[in-house]
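**Student:** From first to last, the protein sequence lines stand for chains A and B.
Note that this note's numbering has the first sequence beginning at 1, numbered continuously upward.
Note that this note's numbering has the second sequence beginning at 1001, numbered continuously upward.
One or more hints might be untrue.
What the hints assert, rightly or not - Below, computed lysine to aspartate or glutamate pairings styled on DMTMM-like, alpha-carbon distance capped at 25 Å: (1) Lys59/A <-> Asp1096/B; (2) Lys1098/B <-> Glu54/A; (3) Lys56/A <-> Glu1097/B; (4) Lys57/A <-> Glu1097/B; (5) Lys36/A <-> Glu1097/B; (6) Lys1098/B <-> Glu67/A; (7) Lys36/A <-> Asp1096/B; (8) Lys1098/B <-> Asp83/A; (9) Lys51/A <-> Asp1096/B; (10) Lys57/A <-> Asp1096/B; (11) Lys59/A <-> Glu1097/B; (12) Lys56/A <-> Asp1096/B; (13) Lys70/A <-> Glu1097/B; (14) Lys51/A <-> Glu1097/B; (15) Lys1001/B <-> Glu1097/B; (16) Lys70/A <-> Glu1082/B.
As the list claims (entries may be wrong) - To give an idea of the chain A side of the interface with chain B (calculated C-beta under 7 Å), a few residues: (17) Phe45; (18) Gly85; (19) Ser94; (20) Gln97; (21) Trp100; (22) Ala102; (23) Gly103.
To be clear, the hints were calculated from the coordinates, so they are not data collected in a lab.
Using N, Cα and C, we set each Cβ at its ideal position, and we do this for glycine too.
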Amino acid sequence: GQQVMQIPQYQHVQEGEDFTTYCNSSTTLSNIQWYKQRPGGHPVFLIQLVKSGEVKKQKRLTFQFGEAKKNSSLHITATQTTDVGTYFCAGQGSNYQLIWGAGTKLIIKP
Amino acid sequence: KAGVTQTPRYLIKTRGQQVTLSCSPISGHRSVSWYQQTPGQGLQFLFEYFSETQRNKGNFPGRFSGRQFSNSRSEMNVSTLELGDSALYLCASSLDEKLFFGSGTQLSVL
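With the sequences and hints as input, model every part of the structure.
**Tutor:** In C-alpha cells:
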C-alpha cells in the first residue's frame, strides 16, 4: 500500500541551530500537508503544498514539495524553544485518504 | 468560530467494556475523521465520514466503529475493550482538505 516515510524520528538541536525533517512517498501525491503537535497538544495545520517544486515560507519555516511530488521537507532556521514539538507530514494519496508520516520530534537541548 | 469539540476529555474503562466517544466538528465542516495516537507513535487512521457516509476506513478490527449524524456530529465506539486500546483518540473535521483537530479523548483501559 501507499506509505510515507518520515525521517529522522528525533532531532536534538541547540537553540539557534537549524532543523530539517524529510518525507518520502512510495507513490505520487496530489498534495502534502504539514502539521505541528506540541507536547500534550493536538496536531495543528501548518501548510499545504500542491504544485510540483513548490516552495513556501512562513517566517523561519520553509516547506518544499519535490518535482515528482513524492517528497517534501520542512526546514526551520534558527530554532527557538517555541518550535519544540512533533512535526508530521501527511500526503494525499489516490483514494483521497491522507497518508501520515510517523513524525519527527524536535528537541531543543538546554 | 468554535473549534472541534471532543467529549469526554478523559475516560477510564476496564477490559471487556465498551466506550463511545463524541466529536462536534467546526460549524460548516461536513467531513470528520478519527485517529488513534499512542505514545511515541504517529497518527493511525481509523475512519472518515462525510455527509453521514463512511468514506474511508483504516486497518482496525471491527470492534472499532463510527457514525455521523445529519448535523455532522460524529461518534466512535469501541466494543470489548483491550489493554492495547489505551490511547489518545483524536477527531478532526475538515474543509478544503485541511484537518482541524480536537483536543482528543485520552482513553485508559485497565
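**Student:** Which numbered hints are broken by the structure, listed smallest first?
**Tutor:** Going through the list in order, the structure violates hints 16, 18, 19 and respects the others.
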